[in-house]
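Participant: Residues per chain are reported as follows:
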Amino acid sequence: MLEGKVAVVTGGAQGLGRAVAVRYAAEGATVVVSDLDAGAAEETAREMEGAEGVACDVRREADVAQLVAGAVERHGRLDVMVANAGVSTVGPVAETSLEDWRELMSVNLDGVFLCVKHAGPAIAGSGGGAIVTMASITAMAGVPLLAPYAASKAAVVSLTKTAALELRDQGVRVNALCPGFIGTDMVARHRAELEQGLGIDLEEALEHAQGGFGSEADVAGVAAFLASERSSFSTGSAFVVDGGATASLV
Amino acid sequence: MLADVDVEGAERAASELDGDARAVRCDVTVAAEVVGAVEATAAAFGGLDVLVNNAGVEISKPMVEHGDEEFSRLLAVNVGGVFMCSKYAVPALAEGGGGAIVNIASVAGLGGSPLLSAYCASKAAVIRFTEVCATELRDQGIRANAVCPAFVGGAMVDRMVGDFEAATGQGFEDVVAAKQGRLGTAEEVAETVAFLASDDAAFVTGAHYVLDGGLTAALL
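Protein chains in written order, with our numbering: chain H, 1 to 250; chain E, 1 to 220.
By construction, these hints were calculated from the structure, which means they are not laboratory data. Any given hint could turn out to be false.
To be verified - Estimated spans, in silico, between C-beta atoms of each pair:
no., chain 1, residue 1, chain 2, residue 2, range
1, E, ARG159, H, ARG46, 35 to 45 Å
2, E, GLU16, H, GLY127, 48 to 58 Å
3, H, ARG77, E, GLU69, 41 to 51 Å
4, H, PRO92, E, GLY169, 52 to 62 Å
5, E, VAL175, H, VAL250, 33 to 43 Å
The model shown is predicted, which means the values in this text are computed figures rather than measured ones. C-beta: ideal position from N, C-alpha, C; glycine also.
Could you put the whole structure together from the sequences, leaning on the hints where they help?
Facilitator: Structure (structure tokens):
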């Protein structure tokens with residue numbers, strides 16, 4: 001599906017990013033696995049054919065600019081950017097420090113902004129391609145204790161729409177991917193806090209809402225579709241992969 | 001299995017496809033014909049895995065000029081047909097361990113468009129109907145999703161262009177270029193339908209996937 005394409009995946013050493021990178025490589029893409037943790041990026045890249053690991057702090061513009069420029073220099077082009085790197089916190093709005101809020105936004109929103117800003121022209125210069133931003137269904141509905149995360153993801157969806165319109169004439173499609181609750185380390189880390197804070201059994205709640213946890217591979221399948229020419233008329237939209245969670249009011 | 005009220009057209013189309021394709025007459029507003037189409041499919045191929053609810057009609061004229069009966073007729077095909085086919089396909093889909101329903105909705109189900117009052121209402125109904133099906137059918141392993149294309153090149157758009165230009169005073173091509181970059185193609189819609197029917201979309205249900213060149217992303 002992605003033969004001959006060069007793709008960058010930020011936050012690619014673990015979780016959803018890693019699953020997307022693995023799938024892209026399996027589909028024939030040359031994958032630049034970018035991660036804050038250089039060692040983890042390289043280790044992940046070694047598991048794939050034709051991939052490389054690159055250190056990148058998506059909060060730093062110089063890092064993101066170099067990530068994109070380096071990919072183009074070494075591989076001659078850039079076709080796909082997956083702006084995936086993200087972090088999460090758990091806690092009520094009333095107890096969230098401004099510092100923590102800004103720190104989360106610097107990764108989840110600034111990071112996606114910088115990736116779109118720098119990858120857009122590079123992809124356009126390669127004749128067009130696709131940007132996939134990693135949002136979340138928390139962009140569409142509230143979840144107590146996840147305000148900073150949800151707000152950052154809603155902003156990512158908004159940024160995606162405007163960037164799509166600006167880049168359309170240059171052949172660059174921009175779409176947001178909105179997973180439901182996926183069985184990632186990120187969710188596992190917050191599980192106890194969420195269960196205690198919300199007074200729920202997460203497994204039970206998700207069974208009802210989305211038929212259980214989604215898998216990382218489930219998200220990677222949609223990410224592959226959005227990066228490929230199979231979705232050539234889609235841009236500026238949010239693609240939900242959530243087992244029906246947002247389809248139901250109750 | 002190609003199901004159509006125009007069974008000769010369906011047979012012609014089936015003969016042009018690679019693989020084992022067949023045709024059956026089906027008026028999606030008639031329960032007996034829908035049941036017959038599902039049974040014919042199961043008999044011919046040994047089961048049913050995917051239902052694409054595509055049959056639909058359009059009316060393009062001002063709301064006050066929609067005829068009372070033609071309005072009802074449109075809803076009967078565009079919404080009633082989706083209901084009818086989904087309802088009668090579920091047992092066959094479930095029997096095979098699950099499957100996928102893909103409904104052809106439209107961006108007209110997400111926002112209003114002049115002259116398309118009945119059509120817009122019908123496609124909005126299809127999106128909502130899809131969401132309920134997804135929730136109700138999940139435990140049977142059946143996923144239900146919708147696709148929402150913007151204007152796609154083809155007979156339906158050809159029929160509408162004159163009315164659209166007369167009513168809005170805008171050139172259709174200009175509107176398409178400004179709002180969605182270009183016309184979509186039927187093949188592009190087919191790719192998204194194929195994706196939603198595939199295992200890659202295993203965790204996608206109750207969703208509506210938009211292919212509109214940015215039309216619904218824009219405010220202006």
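Participant: Hints first: check each against the structure and report whether it holds.
Facilitator: Hint check results:
no. : hint                             : in the structure
1   : E:ARG159 to H:ARG46: 35 to 45 Å  : violated (57 Å)
2   : E:GLU16 to H:GLY127: 48 to 58 Å  : violated (33 Å)
3   : H:ARG77 to E:GLU69: 41 to 51 Å   : violated (57 Å)
4   : H:PRO92 to E:GLY169: 52 to 62 Å  : holds (53 Å)
5   : E:VAL175 to H:VAL250: 33 to 43 Å : holds (39 Å)
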